[in-house]
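Participant: Spelled out, the chains give:
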Amino acid sequence: MLELVLFYIFAAIAVVSAILVITQRNVVHSAAFLGATLFAVAGVFLTLHAEFLAGVQVIVYVGGILVLFVFVIMLIAVERAERERQYNRQWTIALVTSGILIAEIAYGLYRGRDSFVLPPAVVPPAVPATGNSELVGTSLYTLYLLPFEIASILLLVGIVGAVVLAKRRTPAEE
Amino acid sequence: MVTTFHYLLLSAALFTIGILGVLTRRNIMIILMSIELMMNAVNINLIAFSDRLQQVTGQVFAIFVITVAAVEAAVGLGILIAMFKNKETVNINEIDLMKW
Numbered sequence: 001m002l003e004l005v006l007f008y009i010f011a012a013i014a015v016v017s018a019i020l021v022i023t024q025r026n027v028v029h030s031a032a033f034l035g036a037t038l039f040a041v042a043g044v045f046l047t048l049h050a051e052f053l054a055g056v057q058v059i060v061y062v063g064g065i066l067v068l069f070v071f072v073i074m075l076i077a078v079e080r081a082e083r084e085r086q087y088n089r090q091w092t093i094a095l096v097t098s099g100i101l102i103a104e105i106a107y108g109l110y111r112g113r114d115s116f117v118l119p120p121a122v123v124p125p126a127v128p129a130t131g132n133s134e135l136v137g138t139s140l141y142t143l144y145l146l147p148f149e150i151a152s153i154l155l156l157v158g159i160v161g162a163v164v165l166a167k168r169r170t171p172a173e174e
Numbered sequence: 001m002v003t004t005f006h007y008l009l010l011s012a013a014l015f016t017i018g019i020l021g022v023l024t025r026r027n028i029m030i031i032l033m034s035i036e037l038m039m040n041a042v043n044i045n046l047i048a049f050s051d052r053l054q055q056v057t058g059q060v061f062a063i064f065v066i067t068v069a070a071v072e073a074a075v076g077l078g079i080l081i082a083m084f085k086n087k088e089t090v091n092i093n094e095i096d097l098m099k100w
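As they're listed, the protein sequences go chains A and B.
For the first sequence, our numbering begins at 1 and goes up steadily by one.
For the second sequence, our numbering begins at 1 and goes up steadily by one.
Pairwise CB distance ranges (calculated):
1) B:Asn86 - A:Arg25: 20 to 28 Å
2) A:Ile93 - B:Thr57: 36 to 44 Å
3) A:Arg85 - B:Val68: 30 to 38 Å
4) B:Phe84 - A:Asn88: 15 to 23 Å
Coverage of chain B stretches by chain A, computed from C-beta distances (three or more under 8 Å per stretch; other residues unrestricted):
5) 5-11
6) 32-44
7) 49-63
Just so you know, the hints here were simulated from the structure itself, not pulled from any lab data.
Treat the numbers as computed from the prediction; the structure is a model and nothing was measured.
Glycine is no exception: its CB is placed at the ideal position from the N, C-alpha and C atoms.
Required output: the full structure, derived from the provided sequences and hints.
Facilitator: As structure tokens, this is what we get:
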């Protein structure tokens, strides 16, 4: 029962703030509501027994990506963008398409919802004595070691790319 | 009881809101934020099935998705700054240099 209440609270916060993210006129407000969504999604992760991922979500998304967004908002002029028209001309088509998409996914999920319920007899007390972080770490550094290293190379490329794109050109290069 | 169905529905809702943001907004900052919303929806999906199947693989993949999201945000914002220096705008409709 508590699980259900927590899930509905977190889901409601996530969806409402997500809608507010894409409807705000001021970009700073959008960033604030994005932070609310990210925290709510971290709460959803907690109800799914993924404690490590909830921590990673808060540290990387809220502490890293969102702060990066806010820094960039400081660098660009937000006042002029606020006074402009906020939506594309084809927003009605986009709204209809998104409505069709969510209806389609929801209908498919609703038809197959019985397959998502664990059969009660098969439920094993599969939660071992080790914690969630330990399980994720063991899996990450043994079975998925190569993808992990590739992810580090991707991060390196991202750092170099961001610096090259954002740095000021020196007179010698021009 | 909360089933995987609930989580998948939440994930679908967040993903659709992200798509709607990308399709309708003209401010590039908001479009990048919408992409982050969609990545979050994918993570909820992965972790819901990780919980459903009692396997940790979904959580490992969610970590990779978060990595890709961080890199995407850094590079996307770098492009945004470079573009703002050149054209003094964050409006997506005014960037049509490669439009035929």
